[in-house]
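**Student:** Sequences and hints are given; from them, build the entire structure.
From first to last, the protein sequence lines are chains Z and A. Under the working numbering, the residues of the first sequence are numbered 1 to 608, in order. Under the working numbering, the residues of the second sequence are numbered 1 to 100, in order.
Each hint should be verified, as a subset may be incorrect.
Unchecked claim - Once the Cα atoms are required to be at most 30 angstroms apart in a straight line, the calculated DSSO-like pairs of lysine-lysine come out as:
hint	chain 1	residue 1	chain 2	residue 2
1	Z	Lys150	Z	Lys304
2	Z	Lys304	Z	Lys282
3	Z	Lys492	Z	Lys282
4	Z	Lys282	A	Lys55
5	A	Lys55	Z	Lys492
6	Z	Lys596	Z	Lys492
Just so you know, these hints were derived from the structure itself, not from any lab.
Chain residues, written in single-letter form:
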Amino acid sequence: MDGYHGRALIIDLATGRHRWQPLPDTVQRRYIGGVGLGTHLLREHCPAGADSLGPENPLIFVGSPLTGTRLTTTSKFAVLAKSPLTGLIGDSLSSSFLANELKRTGADAIVITGRASEPSLLVIDDGSVSLRPARHLIGLSTSETEALVKEELGDSRFRVACIGPAGERLVRFASIANDGGRQAGRTGLGAVMGSKNLKAIALRGSQEVRIANPAALNEYAGRLRRASLGPATEKYRVLGTMANVAVFDRLGTLPTRNFQQSTFDGAERLAGEALHASRLVKDAHCANCTIGCEKVLETAHGPKVSARMEYESLFALGSLCGVDDPDAVIRAVARCDALGMDTMSAGATIAWAMECWERGVITEADTGGMRLRFGDAEALLTCLDMIAERDGIGGVLAEGSRRATAQFGGGSDAWAMHVKGLEMPGYEPRSLKTMALGLAVSPRGACHNRSSAYDADFSSDVDRLSADEGRGVIVARSEDHAAVMDSLIWCKFLRKAFDDFWSESAQAYEWVTGEAMTVADLQTAGERINTAKKLFNLSHGWTRADDTLPPRVFEQTLPTGPAAGVGLTREELDMMVRSYYRARGWTEDGRVPAEKLAALGLDDDRLL
Amino acid sequence: MSTDARPAPVCRIELFGLARLAAGVPEVSLPLPGPVTLSRAVRFLAEACPALVGKAIREDGGALMDGYVLNLNGLSFVDDPSAMVSPGESLLLLSDQAGG
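**Tutor:** Here is the structure:
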């Protein structure tokens, strides 16, 4: 089949050996690439009960059939492993030049197993594999590591994925960085890389895949590029995602002070519109992207520091911690990127600790004298360093909010804002009821990216403040749509630029691979991928009780803003979860019946 | 001599994102003769804030451009041009691209 290499590279760090695993056409068609193919490989290579930080947990990098073509935003790749935060499926997307180089290595996926005997650099050069000592890289920031690896290899065409000090110290929300600051941020995959004694991976290749119908594909690519410069992406092009802050505040959906409020009195200081005027120094693009959503901000006061700013970082290190100083948030994001940590889980875990402080559960005896009050930017910055160094209380916070509650007790699990162990994104579930369901049932935990359930809430299609049984179908369809986007892989910011996402995606797949693909096939693939994620979770301990939201959501109504007085009851969420299981054709307790497995071809799926 | 203390019959238009950048202000007070349809409110807005025309409001002034949406009072999203808006209410003009 065109568009693929038809094989995965399997590397055992313990022995340094590698082998090629054929990936039959049927597997590629069923799982497409990216998160889909990665889920399939994770189910095959990660044994049930595997320790997420043990050598048996594979770290998987996956490309996609569209990568390397002229289709805008498709220079993306997926990283998967069992998550050290959730103990369930961990997947994260990143993008840019490394995606293109990954594809040129001659592998559709790279599966890294085992543990190196010393800190190492893995070099994959056109399909040849070598493991090199990297003790001298330990302690370096992500950007320093990337630069030094390229310098030592003597060819700037090498693309580097690496961890920072946080990944080295197995911070459970450590990220993997590439291409000067892109991050595979969520679910702690940097800790998995650190557990393998793997500081960095360098990729270079020259192996191109054949495109079945390049003329048709390129003509379509031109049309899509033009559409990508239209109104459907304008927000992302001009303001980036930081545009969300002011409007989310106004709508009462901006999580603030650890989800105690959904409006923030400092929101206008952090508003994208204000930061665009006062601190924007440049726009940045991923490779092969016409949108350019990345907004690089620079501090206005004090030492100059710059960082790519996104809404999720602004919310997590800003309003969620009660910090309204934009310069402090820029510094915090820059610290997270350098240390190699997910800004969202870092901010959310610190926000949890700040509330512990204010409730007397954490005291100066725990913090070494530091006062962890909401709004204290210096405390926020100090905490980030302490987490990455596992210094003092940082060693506890490095475990994420769910595990930290066990250390401090005091009823602090009531305000630990996570789902399945993954800290919440910047969408208040009480005032976004469809999103509440999406967050509760997402296989990777509290996630805003594996569905776009909020799209319904920000429309006239539903009453966002009320729950009803119609939400199950909306979330299931949204998840399937996202699974296909994450597997082909398109950037989510392109999603409204299509005239018809499904038919255009099916056609693009056909032009790349030469394989007939119908809309129905593609929709089934989306369902199959989400079901495969569920199967992974089932074999790693998922229970019905995991599909829920933090206690605070049920026990406290929102105190401010247009949604003041609005809450969500356990019964309402339970009703929506059951509607989701029905929409999926699953059992009442969220399991996948045999007939559904057979219909999706998942009954003997683990046999390649 | 008595003074009429009643608030002016205005609808508050709150601007977000690119609409705010285009207008250069975060909100516009729109005098309304009474309850009007959304479509009429958009026409009034186009007259009150011409900088939005061609950016967020169509050149003919009768509707929003693609990529924009209205929310009433920070609560419900409204896309029916015949829906009513009254003085004293707030309309939020924002991008329909919600994610991030």
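**Student:** Against each hint, give a clear statement of whether it holds in the structure.
**Tutor:** Verification of the hints:
no.: 1; hint: Z/Lys150 x Z/Lys304; result: holds, 26 angstroms
no.: 2; hint: Z/Lys304 x Z/Lys282; result: holds, 15 angstroms
no.: 3; hint: Z/Lys492 x Z/Lys282; result: holds, 22 angstroms
no.: 4; hint: Z/Lys282 x A/Lys55; result: holds, 22 angstroms
no.: 5; hint: A/Lys55 x Z/Lys492; result: holds, 24 angstroms
no.: 6; hint: Z/Lys596 x Z/Lys492; result: holds, 28 angstroms
No hint from the list above goes unmet by this structure.
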